[in-house]
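Engineer: Given chain R, put chain V in place with the hints provided.
There are 2 protein chains.
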Amino acid sequence: MDIAETIDQARQTTAAARRAGRTVGLVPTMGALHEGHLSLIRRCRSECDLTAVSLFVNPTQFAPGEDFDRYPRSFAADRDACAALGVDLLFAPSAGQMYPGDLLTWVHVNRITDHLCGATRPGFFDGVCTVVAKLFHIIQPDRAYFGEKDAQQLAVVTRMVADLDFPVEIRACPIVRDADGLALSSRNRYLDLAQRRSAVCLSRALEQARRLVAAGQTEATALIETIRTAIAREPQARIDYISIVEKEFFQPVTVIEAPCLIALAVYFGTARLIDNITVDPSNQRP
Amino acid sequence: MDIAETIDQARQTTAAARRAGRTVGLVPTMGALHEGHLSLIRRCRSECDLTAVSLFVNPTQFAPGEDFDRYPRSFAADRDACAALGVDLLFAPSAGQMYPGDLLTWVHVNRITDHLCGATRPGFFDGVCTVVAKLFHIIQPDRAYFGEKDAQQLAVVTRMVADLDFPVEIRACPIVRDADGLALSSRNRYLDLAQRRSAVCLSRALEQARRLVAAGQTEATALIETIRTAIAREPQARIDYISIVEKEFFQPVTVIEAPCLIALAVYFGTARLIDNITVDPSNQRP
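As given, the protein sequences belong to chains R and V, one line each in that order. This note's numbering applies: residue 284 is where the first sequence begins, and numbers increase by one. This note's numbering applies: residue 284 is where the second sequence begins, and numbers increase by one.
For reference, chain R alone in the conformation it holds in the complex (with noise of 0.2 angstroms):
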């Protein structure tokens, strides 16, 4: 496995694959990879020719305030996980390599960002456009892989490469969850236990909204409610957003008539945790 720190050497290894004809995929990642994050690496190798991995806790994401400081970081366990899942490239750029100077350029995406983690978390997409267009550069992927955990990201990615005509085909990949729901989470790590046997009531939540869709439910107000109280019975959660929204350009609805999305952000301590689940009102039950 060839590790670049800088982007000329990242660049050498993309171009020489490129030459020999050989397609590259690529799957973005801040590092403290887990099971969700490997899914996504098995996917790209079983579909690509060379598999390259990028490793950055970009600091153009966190706004003020947030986790950027103590946002795990375990390079040793990462790149050992990246070259036993025969990773060709691991790119882990320090943040002068990746913002030389003033980054005077952004890519920002409308509407979609209006709601959910855009709303409360304001630059977020911002930041995470601006490093996806640089890695898409750097690398060149023929593909990039993305995890459904983070919903609005994957819609937000997927517009600006339709928008910007980048040549680059995104993949999505399902979330992956611990045996009792929890969604797979980098920031899961800053759960005590307490906390974090309390977290899986986020995706019973969903389920249990999900269940109630199947059963004839459609009205969103009704459905944010339940959520929201079988959420609060749990002393140490904290409610950031309960959501849910069409799947083009995530906006609210009132009554689901299509294919929604439900989504919800909700802090446990520190801890902000995000989990959403598709509900489509045709897969009523009888």
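If you're looking for bench data, these hints aren't it; they were derived computationally from the structure. A quick note: this is a predicted structure, and the numbers were derived from the prediction, not measured. Hints are not guaranteed to be accurate.
[Stated by the list, open to error] Distance windows between CB atoms, simulated:
#: 1; chain 1: R; residue 1: Glu502; chain 2: V; residue 2: Ser377; range: 40 to 46 angstroms
#: 2; chain 1: R; residue 1: Arg487; chain 2: V; residue 2: Gly384; range: 45 to 51 angstroms
#: 3; chain 1: R; residue 1: Ala298; chain 2: V; residue 2: Arg353; range: 42 to 48 angstroms
#: 4; chain 1: R; residue 1: Asp461; chain 2: V; residue 2: Gly384; range: 35 to 41 angstroms
#: 5; chain 1: V; residue 1: Asp523; chain 2: R; residue 2: Glu288; range: 44 to 50 angstroms
#: 6; chain 1: R; residue 1: Asp461; chain 2: V; residue 2: Arg305; range: 50 to 56 angstroms
[Claimed, not checked] The calculated lysine to any residue pairs, modelled on SDA-like cross-linking and capped at a C-alpha distance of 25 angstroms, are:
#: 7; chain 1: R; residue 1: Lys432; chain 2: R; residue 2: Leu467
#: 8; chain 1: V; residue 1: Lys432; chain 2: V; residue 2: Arg305
#: 9; chain 1: R; residue 1: Lys530; chain 2: R; residue 2: Arg326
#: 10; chain 1: V; residue 1: Lys530; chain 2: R; residue 2: Met381
#: 11; chain 1: V; residue 1: Lys530; chain 2: R; residue 2: Leu387
#: 12; chain 1: V; residue 1: Lys432; chain 2: R; residue 2: Leu387
#: 13; chain 1: R; residue 1: Lys530; chain 2: V; residue 2: Glu529
#: 14; chain 1: V; residue 1: Lys432; chain 2: V; residue 2: Phe345
#: 15; chain 1: R; residue 1: Lys530; chain 2: V; residue 2: Ala367
#: 16; chain 1: R; residue 1: Lys432; chain 2: V; residue 2: Leu387
#: 17; chain 1: V; residue 1: Lys530; chain 2: R; residue 2: Tyr382
#: 18; chain 1: R; residue 1: Lys530; chain 2: V; residue 2: Ala477
#: 19; chain 1: R; residue 1: Lys432; chain 2: R; residue 2: Gly379
#: 20; chain 1: V; residue 1: Lys432; chain 2: V; residue 2: Gly384
#: 21; chain 1: V; residue 1: Lys432; chain 2: V; residue 2: Arg470
#: 22; chain 1: V; residue 1: Lys530; chain 2: V; residue 2: Gly410
#: 23; chain 1: V; residue 1: Lys530; chain 2: R; residue 2: Gly379
#: 24; chain 1: R; residue 1: Lys530; chain 2: V; residue 2: Met381
#: 25; chain 1: V; residue 1: Lys530; chain 2: R; residue 2: Arg516
#: 26; chain 1: V; residue 1: Lys530; chain 2: R; residue 2: Pro383
#: 27; chain 1: R; residue 1: Lys530; chain 2: R; residue 2: Thr403
#: 28; chain 1: V; residue 1: Lys530; chain 2: V; residue 2: Thr509
#: 29; chain 1: R; residue 1: Lys530; chain 2: V; residue 2: Tyr382
#: 30; chain 1: R; residue 1: Lys530; chain 2: V; residue 2: Trp389
#: 31; chain 1: R; residue 1: Lys530; chain 2: V; residue 2: Gly384
#: 32; chain 1: R; residue 1: Lys530; chain 2: V; residue 2: Gly379
#: 33; chain 1: V; residue 1: Lys530; chain 2: R; residue 2: Gly384
#: 34; chain 1: R; residue 1: Lys530; chain 2: R; residue 2: Ser565
#: 35; chain 1: V; residue 1: Lys432; chain 2: V; residue 2: Glu529
#: 36; chain 1: R; residue 1: Lys530; chain 2: R; residue 2: Leu474
#: 37; chain 1: R; residue 1: Lys432; chain 2: R; residue 2: Arg521
[Said to hold, decoys possible] Beyond 12 angstroms from chain V on every Cβ pair, some chain R residues (computed):
#: 38; residue: Ile286
#: 39; residue: Arg294
#: 40; residue: Asp350
Glycine is no exception: its CB is placed at the ideal position from the N, C-alpha and C atoms.
Structural biologist: Below, chain V alone, put in the same frame as chain R:
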């Protein structure tokens, strides 16, 4: 010469060239080609294996009330000029091809866009950056050619390429002028005979300022006043701006202590013309 009206066609031609190990150069234009454009094309031809010219009057860089509808269009003459110069690919997409739906994604460059055309043409540089990003993703050139007449555009695009790590080298090409000094522009076609005669005041005023700097005048206010007075003598001229800015961030200076740009925009009737000159106080005459 291949003429591509769709993104897919353009990609096929350039992808085949890249696979064959040929370098690709792009000259982005809005058509109505003049000797300035042709100088970019010749330079591209001399440096790249495949020369692509894009010809697209980009609606997103025109504000409401600007001259999008009447911008000169001369496809047959442009096509013939490109063919005569040995252009390999002419990419001439429709607006529907470039913007098939709502455009939600924009590339924005801060600071360099604060003044000059950025101040008087709101949204202009967002439109330019966004369409240039799209063209770079479609053609994937190794080099792209821009004229120094659009000095602020050149600086903005160069910064965008650096900040977002586009794998493209930006080549700056000098202003081409008519015999009397008027900078060539597609918008010169808007001028009637009297306006055309009058418009020579722009390059003359800039030359006069350059001579004053060479003679030791470094006060921006005095230089701007000299230019303003010279242009105001022409009854048809209506000044948009006259500014002296440093060449990295295009911020106004009060004293010229390093190479600076003197830039102006002036209306003659409905034609808005721009011109600029670099002055260097270290080039003072003894």
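Engineer: If you draw a straight line from the CA of Lys530 of chain R to the CA of Tyr382 of chain V, is it 25 angstroms or shorter?
Structural biologist: holds, 21 angstroms
Engineer: If you draw a straight line from the CA of Lys432 of chain V to the CA of Gly384 of chain V, is it 25 angstroms or shorter?
Structural biologist: violated, 32 angstroms
Engineer: Mind checking the alpha carbons of Lys432 of chain R and Leu387 of chain V for me, to see if they're no more than 25 angstroms apart?
Structural biologist: Holds. Lys432 of chain R to Leu387 of chain V sits at ~23 angstroms (cutoff 25 angstroms).
Engineer: Is Lys530 of chain V close enough to Gly379 of chain R, meaning Cα to Cα at most 25 angstroms?
Structural biologist: At roughly 24 angstroms apart (the allowed maximum being 25 angstroms), Gly379 of chain R and Lys530 of chain V satisfy the hint.
Engineer: CA of Lys432 of chain R to CA of Gly379 of chain R, is that 25 angstroms or under?
Structural biologist: This hinted pair is violated, its Cα atoms lying about 29 angstroms apart.
Engineer: Can the restraint linking Lys530 of chain V and Met381 of chain R be considered satisfied, given a maximum Cα separation of 25 angstroms?
Structural biologist: This hinted pair holds, its Cα atoms lying about 24 angstroms apart.
Engineer: Please verify whether Lys530 of chain R and Thr403 of chain R have alpha carbons no more than 25 angstroms apart.
Structural biologist: Measuring from Cα to Cα gives roughly 19 angstroms; hence the hint holds.
Engineer: Holds or violated: Lys432 of chain R with Arg521 of chain R, Cα cutoff 25 angstroms?
Structural biologist: Given that 25 angstroms is the threshold and the Cα spacing comes to 19 angstroms, the pair holds.
Engineer: I want to verify a distance hint. Is the separation of the beta carbons of Arg487 of chain R and Gly384 of chain V within 45 to 51 angstroms?
Structural biologist: Taking Cβ atoms as reference, Arg487 of chain R and Gly384 of chain V lie about 38 angstroms apart, which means the hint is violated.
Engineer: Quickly compare the C-alpha distance for Lys432 of chain V and Arg470 of chain V to 25 angstroms and report which way the hint goes.
Structural biologist: Satisfied, since the Cα-Cα distance of roughly 13 angstroms is no more than 25 angstroms.
Engineer: Verify the CB-CB distance for Ala298 of chain R and Arg353 of chain V against the hinted window 42 to 48 angstroms.
Structural biologist: At roughly 45 angstroms between Cβ atoms, Arg353 of chain V and Ala298 of chain R fall inside 42 to 48 angstroms, so the hint holds.
Engineer: Taken at face value, is the distance from the CA of Gly410 of chain V to the CA of Lys530 of chain V at most 25 angstroms?
Structural biologist: With a Cα-Cα distance of about 22 angstroms, the restraint between Lys530 of chain V and Gly410 of chain V holds, given a limit of 25 angstroms.
Hints 2, 8, 13, 15, 18, 19, 20, 25, 36, 39 from the list above are not met by this structure, while the remaining hints are.
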